[in-house]
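**Q** What follows is the residue order along each chain.
Protein chains: 2
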Amino acid sequence: MPAALPVAGNRFVIVGGASLVGSATAGELLDHGAAEVVLFDNFAFGSEQAVAHLKDHPRLRLVRGDVMRLPDLLRATEGAAGLLLLAAYMTLSMDRDPWGGLDVNIRGVQNALEAARANRARKVVFASSNAVYGYGPKVAGELVEDTPFHSVGAPPAAILYGASKIIGEQLCRDYHRRHGLDYVVLRYSTVYGERQHYRAANALYIIETYDRVRRGERPQVFGDGSETKHFVYVGDLARANRMAFEAAATDVAVNCSGPAPITTLELVRLVTRLAGAGGHPAPEPEFVGEEPGKVRLTSGGAFRIAHEAAERAIGWRPLVDMEEGLRRLIAWREGKEGRGAG
Amino acid sequence: MPAALPVAGNRFVIVGGASLVGSATAGELLDHGAAEVVLFDNFAFGSEQAVAHLKDHPRLRLVRGDVMRLPDLLRATEGAAGLLLLAAYMTLSMDRDPWGGLDVNIRGVQNALEAARANRARKVVFASSNAVYGYGPKVAGELVEDTPFHSVGAPPAAILYGASKIIGEQLCRDYHRRHGLDYVVLRYSTVYGERQHYRAANALYIIETYDRVRRGERPQVFGDGSETKHFVYVGDLARANRMAFEAAATDVAVNCSGPAPITTLELVRLVTRLAGAGGHPAPEPEFVGEEPGKVRLTSGGAFRIAHEAAERAIGWRPLVDMEEGLRRLIAWREGKEGRGAG
Numbered sequence: 004m005p006a007a008l009p010v011a012g013n014r015f016v017i018v019g020g021a022s023l024v025g026s027a028t029a030g031e032l033l034d035h036g037a038a039e040v041v042l043f044d045n046f047a048f049g050s051e052q053a054v055a056h057l058k059d060h061p062r063l064r065l066v067r068g069d070v071m072r073l074p075d076l077l078r079a080t081e082g083a084a085g086l087l088l089l090a091a092y093m094t095l096s097m098d099r100d101p102w103g104g105l106d107v108n109i110r111g112v113q114n115a116l117e118a119a120r121a122n123r124a125r126k127v128v129f130a131s132s133n134a135v136y137g138y139g140p141k142v143a144g145e146l147v148e149d150t151p152f153h154s155v156g157a158p159p160a161a162i163l164y165g166a167s168k169i170i171g172e173q174l175c176r177d178y179h180r181r182h183g184l185d186y187v188v189l190r191y192s193t194v195y196g197e198r199q200h201y202r203a204a205n206a207l208y209i210i211e212t213y214d215r216v217r218r219g220e221r222p223q224v225f226g227d228g229s230e231t232k233h234f235v236y237v238g239d240l241a242r243a244n245r246m247a248f249e250a251a252a253t254d255v256a257v258n259c260s261g262p263a264p265i266t267t268l269e270l271v272r273l274v275t276r277l278a279g280a281g282g283h284p285a286p287e288p289e290f291v292g293e294e295p296g297k298v299r300l301t302s303g304g305a306f307r308i309a310h311e312a313a314e315r316a317i318g319w320r321p322l323v324d325m326e327e328g329l330r331r332l333i334a335w336r337e338g339k340e341g342r343g344a345g
Numbered sequence: 004m005p006a007a008l009p010v011a012g013n014r015f016v017i018v019g020g021a022s023l024v025g026s027a028t029a030g031e032l033l034d035h036g037a038a039e040v041v042l043f044d045n046f047a048f049g050s051e052q053a054v055a056h057l058k059d060h061p062r063l064r065l066v067r068g069d070v071m072r073l074p075d076l077l078r079a080t081e082g083a084a085g086l087l088l089l090a091a092y093m094t095l096s097m098d099r100d101p102w103g104g105l106d107v108n109i110r111g112v113q114n115a116l117e118a119a120r121a122n123r124a125r126k127v128v129f130a131s132s133n134a135v136y137g138y139g140p141k142v143a144g145e146l147v148e149d150t151p152f153h154s155v156g157a158p159p160a161a162i163l164y165g166a167s168k169i170i171g172e173q174l175c176r177d178y179h180r181r182h183g184l185d186y187v188v189l190r191y192s193t194v195y196g197e198r199q200h201y202r203a204a205n206a207l208y209i210i211e212t213y214d215r216v217r218r219g220e221r222p223q224v225f226g227d228g229s230e231t232k233h234f235v236y237v238g239d240l241a242r243a244n245r246m247a248f249e250a251a252a253t254d255v256a257v258n259c260s261g262p263a264p265i266t267t268l269e270l271v272r273l274v275t276r277l278a279g280a281g282g283h284p285a286p287e288p289e290f291v292g293e294e295p296g297k298v299r300l301t302s303g304g305a306f307r308i309a310h311e312a313a314e315r316a317i318g319w320r321p322l323v324d325m326e327e328g329l330r331r332l333i334a335w336r337e338g339k340e341g342r343g344a345g
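The listed protein sequences correspond, in order, to chains A and B. Position in the first sequence (first residue = 1) + 3 = our numbering. Position in the second sequence (first residue = 1) + 3 = our numbering.
Simulated from the structure, these hints should not be mistaken for laboratory data. Hints should not be assumed to be uniformly reliable.
Claimed, not checked - To list a few chain A residues with every Cβ distance to chain B over 10 Å, as calculated: (1) Ala-11; (2) Asp-34; (3) Met-71; (4) Pro-74; (5) Ala-121; (6) Gly-226.
Said to hold, decoys possible - Rough simulated footprint, nothing fancy, chain B against chain A, three-plus residues with beta-carbon under 8 Å: (7) 24–31; (8) 88–96.
Only a predicted model underlies this, so the values are computations on that prediction, with no experimental measurement involved. For every residue, glycine included, the Cβ atom is placed at its ideal position computed from N, Cα and C.
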């Protein structure tokens, strides 16, 4: 199994590592005996705070660098066996800055792959997205790995983001063909969990609902609440990243989604109930229209992002359901706020 | 009709102008009274030869510049009312140089749109491609403007090319939304005609068949010849470009294809017959496998690229069928070779 890369004893670089998924994956790799984990980040979106809990770990190293500067990557990846490529603009930041977003999501990936090739890394795991299936009413039913990219009616930034991820995947495939670089593409669905940020359009449903309920306001539902979302818990993704390195699989792209999809109304009710666990009676959600100027990603159809191919390719399936994952997210937020206030 | 831009009396810049489509469109715009046509090209793919017949035209100006250098574009587009964006790597060149290809097809488009915005140009026509529907056996039936992008099984360079055109279209849409820049996207099918080059994967069927027959060799068909191709004659496209400027249409993307699709076997037989018109009996085609290492784009399904939306949006439909278009292409080749030999 030449494409299997054991975690124990090997060095890993997480490009875009000072992040939700980066910090969780660093912990996962360190727990499984990685010789060293380098978190490479320019701290444009990443934060010291996201990795504060790991900072003093003896086998963790934080490197400030930029994916747009190949020399930064070449130095950071010397001696690395595996690279996890997370650095990316998502839809909201792509909307604010399409120049920077296309740079990072395309040239940044080329630079990271070139660094992996030049330093003879053994395997790359590329964080892609279910955005490669697009958005809108035609995205319905089971989303499987050969579902095409639907873009009609989606906001420009969402299409730029999805297409940039399609390109990132193909760049991996191209490096595999030309240079034999092994890789696994994981198409993440919307991530949530401890150290949640405010940058992912779909995860905003969770964190904004939580914030409103904590302020004593009624939670808001955009539209009629029947829209499907399919999230994945960050700890499940960290495990998927590790297993993608360890598996014999190469030259493959698979979905990583949580146990089941949820409607936005169910989600808002669930967050409301969990956030109010301290005592308040759960307030009823308020149904509101779209906020002007805000990019929200909607899909008219009910869909499920199939993750069965991931089980076949890397032996992974999601273990944490939304209720458990949200409990952990909320416990983390309350712990943080408790510490902040104390 | 604020988005209608009359050709007569106005200045136009054709970015990537020293080309098959660029030279034909320059002629079309000059014939319709354009005050000036600037052909902007870095001559990486474009050639002096492609525009030699126009070079001495009093209202034509050739500007050497690069789409990767915004200052070049800012200077060339001063006072321009309309920009036609042709500069692009196609699949074969994307395969040779994905770094340069993604630069030109994405950053180059951003630079050109930025120059149009900064110089207050009135309208942009962006040359997209039917590659935005992808390739492979799932691309079948009528390809209409909301057909999604299928990529499974296509070579990386073909997907990079298609996705880069999807991004180019969205960049136009984004500039329209943010800055009110009017635009029409024309999704060209494979172009052929006078001044045909060897850079388009699908047009190679025409030119290679012609070359073989002229050398007295049997023409070759890859596979069983049942594969569909849908070409468009360059003169029809030049007219489409002009009509896209003149039409009231804006913020729209439409297909531009020829009157009807053709199978590769029909195409090879037609070119063989026309190329042999000088006297030889038409040789039978030879059925061969794929050449290793050569990117050929195949579609298992029979398809037609619908052009009815273009008629509704800009009043255009194709007028030149394959037999007539190929006659013109061959007459041009024979004239050129005659002159070359004389």
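**Q** Against chain B, does A:Pro-74 keep a CB gap of more than 10 Å to every residue?
**A** 16 Å, holds
**Q** Cut-off 8 Å, C-beta pairs, minimum 3 residues; does the coverage of the stretch 88–96 of chain A by chain B stand?
**A** The restraint on the stretch 88–96 of chain A is violated, since only 0 of its residues have a Cβ under 8 Å from chain B and three are required.
**Q** Far enough from chain B: is every CB of that chain over 10 Å from the CB of A:Ala-11?
**A** 33 Å, holds
**Q** Quick one: work out the minimum CB distance from A:Met-71 to chain B and report holds if it exceeds 10 Å, violated otherwise.
**A** Answer for A:Met-71: holds, closest chain B Cβ roughly 12 Å.
**Q** Are all C-beta atoms of chain B more than 10 Å from that of A:Gly-226?
**A** The claim stands: A:Gly-226 keeps its Cβ more than 10 Å from every Cβ of chain B (closest is about 22 Å).
**Q** Find the nearest Cβ of chain B to the Cβ of A:Ala-121 and say whether that gap is larger than 10 Å.
**A** 14 Å, holds
**Q** Apply the coverage criterion to the stretch 24–31 of chain A and chain B: a residue qualifies when its Cβ sits closer than 8 Å to a Cβ of the chain, and three qualifying residues are needed.
**A** violated (count 0)
**Q** Mind verifying the non-interface call on A:Asp-34? Its CB should be farther than 10 Å from each CB in chain B.
**A** Holds, since 35 Å exceeds 10 Å.
Checked against the numbered hints above, the structure violates hints 7 and 8; every other hint is satisfied.
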